[in-house]
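Quick note on numbering: the sequence shown equals residues 0 to 115 in numbering that gives the first Met the number 0.
Just so you know, not all the hints are guaranteed correct.
[Claimed, not checked] Below 20 Å or equal to it, Euclidean Cα-Cα: the simulated SDA-like pairs (lysine to any residue) are: (1) LYS28 - GLU48; (2) LYS2 - VAL44; (3) LYS28 - ARG84.
Just so you know, the hints here were simulated from the structure itself, not pulled from any lab data.
Model, not experiment: these values are computed from the prediction.
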Amino acid sequence: MIKVVGLIKRRSDISLEEFRRYWLEQHSKLERASLSANRVQRIVVSFFEESLKGVAPFDGMVELYYSSREEMLRAWSGDHDEVMRNDEANFCSPDFRVFFVADEVEIGRNIGVPGD
Numbered sequence: 000m001i002k003v004v005g006l007i008k009r010r011s012d013i014s015l016e017e018f019r020r021y022w023l024e025q026h027s028k029l030e031r032a033s034l035s036a037n038r039v040q041r042i043v044v045s046f047f048e049e050s051l052k053g054v055a056p057f058d059g060m061v062e063l064y065y066s067s068r069e070e071m072l073r074a075w076s077g078d079h080d081e082v083m084r085n086d087e088a089n090f091c092s093p094d095f096r097v098f099f100v101a102d103e104v105e106i107g108r109n110i111g112v113p114g115d
């Protein structure tokens, strides 16, 4: 499983709530379209609520899962990706966006733990 992880900082002129709302109500429509247009298998968005140590340099994270490196490269080279990047200007700081490719390897799960 290959995934692209993006760490995102909101634009300085919008609140954390506006950042979250735009991503979930507007940008997510483009992300959902990406599920069929670009063969993305799964998209997960996380919003950072607090930092356990130090100041968090980012406000959110996106994980885009692909079946292979080839599928990922095909998705990131298409026209749909340009539409996504253009829309990111509506809520993301252009200076604080980092995307990288990760090979996800699950180390283990704790099945049956209370709260799961």
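Here is what the structure says about each hint:
For the given pair, LYS28 sits about 23 Å from GLU48 by alpha-carbon distance, which is inconsistent with the 20 Å threshold. Restraint check for LYS2 and VAL44: the C-alpha separation of about 13 Å stays at or below 20 Å, so the hint holds. With a CA separation close to 13 Å, the supplied pair LYS28 and ARG84 stays within the 20 Å bound.
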